Amino acid sequence: MTQSARLNTYWVTCADGLENLLVEELQDITQNQGASITEKKAGRVIIQGTLETAYRICLWSRLASRVLLPIHHFELEKTHDARDVAEEIYEGAVSFDWSLIFSPSSTFAIRLQTEREIKVNPQFATLRAKDGVVDSFMEAQGRRPSIDTKQPEITLFVLAGKTAHTFCLDLSGDSLHRRGYRRYMTDAPIKENLAAAILRLAGWGKTSFDLLIDPMCGSGTFIIEALMIQTDRAPGIQRQFGFMGWHGHDNTLWQTLKTEAQQRHDTALQQPLPQFYAYDADWDAVKATRQNIIAAGFEDLLAHIKIEERVLADWPDFQLEGKKAFIITNPPYGERLGDKASNRALYQGLAWQLQKFLPDQQAAILASHIEQADVLPLENTQTLRLMNGNLPIYVRDGIVVSKLDKPPFLANWQATPVEIEGAQDFANRLQKNISNLKKQALRENVSCLRLYDADLPDFNLVVDLYDDNLHVQEYAPPKTIDPEKAKKRFNLALAVIRQVLGLPREKVFIKTRARQKGITQYEKQSEVSKRFIVQEGNVRVFINLTDYLDTGLFLDHRPMRLRIAQEAKGKHFLNLYSYTSTVSVHAAVGGAASTTSVDLSNTYLNWSKQNFALNGLTVDHPDQQHQFFEADVFEWLKEGHETYELIFIDPPTFSNSKKFQGTFDVQRDHASLLKRAMNRLSNGGTLYFSNNFQKFELDDELAARFDVQEITEKTIGFDFKRNHKIHRAWRFRHL
Numbered sequence: 001m002t003q004s005a006r007l008n009t010y011w012v013t014c015a016d017g018l019e020n021l022l023v024e025e026l027q028d029i030t031q032n033q034g035a036s037i038t039e040k041k042a043g044r045v046i047i048q049g050t051l052e053t054a055y056r057i058c059l060w061s062r063l064a065s066r067v068l069l070p071i072h073h074f075e076l077e078k079t080h081d082a083r084d085v086a087e088e089i090y091e092g093a094v095s096f097d098w099s100l101i102f103s104p105s106s107t108f109a110i111r112l113q114t115e116r117e118i119k120v121n122p123q124f125a126t127l128r129a130k131d132g133v134v135d136s137f138m139e140a141q142g143r144r145p146s147i148d149t150k151q152p153e154i155t156l157f158v159l160a161g162k163t164a165h166t167f168c169l170d171l172s173g174d175s176l177h178r179r180g181y182r183r184y185m186t187d188a189p190i191k192e193n194l195a196a197a198i199l200r201l202a203g204w205g206k207t208s209f210d211l212l213i214d215p216m217c218g219s220g221t222f223i224i225e226a227l228m229i230q231t232d233r234a235p236g237i238q239r240q241f242g243f244m245g246w247h248g249h250d251n252t253l254w255q256t257l258k259t260e261a262q263q264r265h266d267t268a269l270q271q272p273l274p275q276f277y278a279y280d281a282d283w284d285a286v287k288a289t290r291q292n293i294i295a296a297g298f299e300d301l302l303a304h305i306k307i308e309e310r311v312l313a314d315w316p317d318f319q320l321e322g323k324k325a326f327i328i329t330n331p332p333y334g335e336r337l338g339d340k341a342s343n344r345a346l347y348q349g350l351a352w353q354l355q356k357f358l359p360d361q362q363a364a365i366l367a368s369h370i371e372q373a374d375v376l377p378l379e380n381t382q383t384l385r386l387m388n389g390n391l392p393i394y395v396r397d398g399i400v401v402s403k404l405d406k407p408p409f410l411a412n413w414q415a416t417p418v419e420i421e422g423a424q425d426f427a428n429r430l431q432k433n434i435s436n437l438k439k440q441a442l443r444e445n446v447s448c449l450r451l452y453d454a455d456l457p458d459f460n461l462v463v464d465l466y467d468d469n470l471h472v473q474e475y476a477p478p479k480t481i482d483p484e485k486a487k488k489r490f491n492l493a494l495a496v497i498r499q500v501l502g503l504p505r506e507k508v509f510i511k512t513r514a515r516q517k518g519i520t521q522y523e524k525q526s527e528v529s530k531r532f533i534v535q536e537g538n539v540r541v542f543i544n545l546t547d548y549l550d551t552g553l554f555l556d557h558r559p560m561r562l563r564i565a566q567e568a569k570g571k572h573f574l575n576l577y578s579y580t581s582t583v584s585v586h587a588a589v590g591g592a593a594s595t596t597s598v599d600l601s602n603t604y605l606n607w608s609k610q611n612f613a614l615n616g617l618t619v620d621h622p623d624q625q626h627q628f629f630e631a632d633v634f635e636w637l638k639e640g641h642e643t644y645e646l647i648f649i650d651p652p653t654f655s656n657s658k659k660f661q662g663t664f665d666v667q668r669d670h671a672s673l674l675k676r677a678m679n680r681l682s683n684g685g686t687l688y689f690s691n692n693f694q695k696f697e698l699d700d701e702l703a704a705r706f707d708v709q710e711i712t713e714k715t716i717g718f719d720f721k722r723n724h725k726i727h728r729a730w731r732f733r734h735l
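Residue 321 in full-length UniProt numbering sits at position 321 of the sequence shown, with consecutive numbering throughout.
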């Protein structure tokens with residue numbers, strides 16, 4: 001019987017967790033070949049078949065890591081506690097004539113794996129295995145092969161066991177996940193065989209889809225593996241294998257199988273292809289995806305693949321009427337985002353986009369923690385735990401739950417008679433304000449706005465709407481007012497607010513705002529932590545209605561944020577006193593080349609990073625497209641030299657901190673601040689300066705030195721027209 005016709009036992013290895021999927025795949029690959037699966041172990045499937053069986057697995061398996069041919073089983077005479085495992089391995093290696101397997105002119109390498117409880121120095125044991133093979137050659141041939149640990153022609157796999165050591169020929173050579181197309185890498189890429197396994201798990205190739213969408217494509221692995229499955233492309237057709245230097249290699253059989261594989265691929269290319277979408281917020285990833293697709297041999301299919309730099313907040317309308325979409329992605333979790341809160345924010349942003357654009361469609365999403373996967377709005381789910389290298393990952397596959405689109409709160413609001421003795425004027429004014437604001441808010445899609453701002457002197461409070469939550473701030477009454485009387489009046493106001501808005505108590509968040517000194521307005525006020533996500537323009541941000549006096553979103557700066565979003569495309573943007581960096585997020589989503597946010601509070605910078613992650617914007621990335629600096633603004637401006645085309649400054653009226661010496665007073669120090677900032681503004685650039693100190697006067701020297709234009713009226717939103725002194729704003733340019 002020839003070597004090609006002889007039945008052999010092969011070990012097909014895979015990542016832990018893929019055994020069941022691998023069994024299914026091997027049955028597909030070897031059907032009608034007379035092969036049979038005899039055993040399934042952790043990380044390994046044992047199959048019996050001919051040489052053609054092994055070749056087909058090497059050529060066609062998308063899930064396997066290696067194909068091993070056991071060739072020498074060295075039984076141990078006895079086992080005891082004081083074992084010298086390395087010497088046992090040497091004895092096993094030297095006892096076999098390796099010249100029957102490969103030539104002394106070939107290069108080889110040893111890979112060692114030990115069963116549990118086997119104690120041995122792996123480097124030394126590998127060295128002794130090599131010595132045994134070399135000594136065997138010297139005895140049989142009088143000459144020895146050379147070692148090449150990087151690109152050996154022959155790889156021998158040694159499994160050191162309790163009762164025997166098994167020596168295998170690694171028919172795959174290099175790991176089968178290395179298809180040969182990944183020329184350009186991004187951070188934390190998923191292995192090719194894991195990507196293929198996830199696609200198989202979700203039914204790609206067996207279920208017909210019209211679109212495949214990877215919104216965080218990285219180096220394009222999912223796109224390429226999906227293309228290979230769709231076009232019936234053998235994953236091993238471009239690469240070299242470990243069996244090619246083996247004496248038992250049948251090159252005629254191998255070339256026949258490769259020709260058959262090429263014919264299958266050519267036939268599949270005649271069929272209609274789905275549309276592929278590959279997006280990433282990182283331009284380097286976009287470039288890597290394109291180059292890897294070309295390296296994989298799919299350059300002619302680029303017309304079917306839209307590869308674009310896009311953040312989560314910038315998805316297009318996919319026009320899904322009557323179409324079926326499949327979403328698969330490997331978000332930049334773990335070290336690429338840093339803290340758990342940012343990781344969760346990214347998945348919250350992805351969840352919202354899925355429900356908005358791709359309801360009722362199938363999705364398979366990776367996560368490094370099950371808590372991230374649990375954020376995803378999927379039903380009919382299955383979850384698979386895998387190892388991507390040394391990193392455990394979870395794959396959540398299911399159908400995107402349709403989001404019940406609630407109309408904006410104001411859309412259903414209607415003025416109704418409210419009669420509360422002692423507060424009727426307040427009730428009438430609040431209803432009138434809301435009636436006047438409603439139409440414009442709905443027209444401009446504004447869901448976060450000011451409804452009332454101390455319009456009546458007896459009701460000195462602020463009422464802000466955040467979607468369907470109310471944030472009510474009472475200005476602390478002067479000492480001349482009886483506290484009990486003030487408390488009673490405020491309780492009346494709250495009763496009016498609940499009746500007019502029709503909101504339950506849990507939707508109304510109350511704070512008292514006294515005159516602030518230093519940094520007290522930024523200090524934590526509560527441990528309740530009621531955080532919500534709100535939409536403004538094209539971005540979504542976190543607000544906190546309980547923990548701090550301010551919510552994380554200054555409503556009066558909405559026009560300024562939208563202005564900067566329109567002007568930021570392609571520009572380097574600097575945000576000083578950045579707070580939660582909502583302006584930076586608008587700039588980034590608007591297409592800024594880079595954003596830099598500077599604030600003295602690490603708490604708010606972490607909040608900033610979560611806002612970025614919520615919109616799919618990568619932070620703490622090596623290319624530093626979006627940077628955050630915990631620093632005093634004056635010191636930071638003095639130490640740096642980079643220039644920016646667009647700058648925004650909204651300083652506090654007064655500030656002090658233990659982190660820097662002295663105090664900041666906007667009236668006293670603004671000229672010095674602006675001159676330093678203008679040194680960092682590039683020629684032709686624009687700086688926007690704003691503050692809310694009502695008695696503020698701009699230093700005359702600035703108008704003489706720079707092109708200064710007050711733009712306050714253009715930056716006051718329709719909901720602040722009743723209080724046009726909420727802030728003042730200027731535009732600065734170089735003369």
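Read the hints as simulated data drawn from the structure, not as lab findings.
What you are looking at is a predicted structure, and each value in this text was computed from that prediction instead of being measured.
It is possible that part of the hints are untrue.
As the list claims (entries may be wrong) - Calculated cross-link-like contacts (lysine-lysine; reagent style DSS-like; alpha-carbon spacing at most 27 Å):
1. Lys-438 to Lys-721
2. Lys-507 to Lys-438
3. Lys-191 to Lys-162
4. Lys-206 to Lys-162
5. Lys-432 to Lys-356
6. Lys-258 to Lys-287
7. Lys-507 to Lys-403
Evaluated hints:
1. Restraint check: the Cα-Cα separation between Lys-438 and Lys-721 comes to about 14 Å, which is no more than 27 Å; the hinted pair holds.
2. With a C-alpha separation of about 19 Å, the suggested pair Lys-507 and Lys-438 falls inside the 27 Å cut-off, and the hint holds.
3. Note on Lys-191 and Lys-162: the hinted pairing is violated, with a Cα-Cα distance of about 32 Å set against a maximum of 27 Å.
4. Between Lys-206 and Lys-162, the direct Cα distance comes to roughly 43 Å. Violation of the 27 Å bound is thereby established for this hinted pair.
5. The straight-line distance between the Cα atoms of Lys-432 and Lys-356 is roughly 33 Å, outside the 27 Å bound, and the hint therefore fails.
6. Among the hinted pairs, Lys-258 with Lys-287 is inconsistent with the structure: their alpha-carbon atoms are about 31 Å apart, more than 27 Å.
7. Between Lys-507 and Lys-403 the alpha-carbon distance is near 21 Å, which keeps this suggested pair within the 27 Å criterion.
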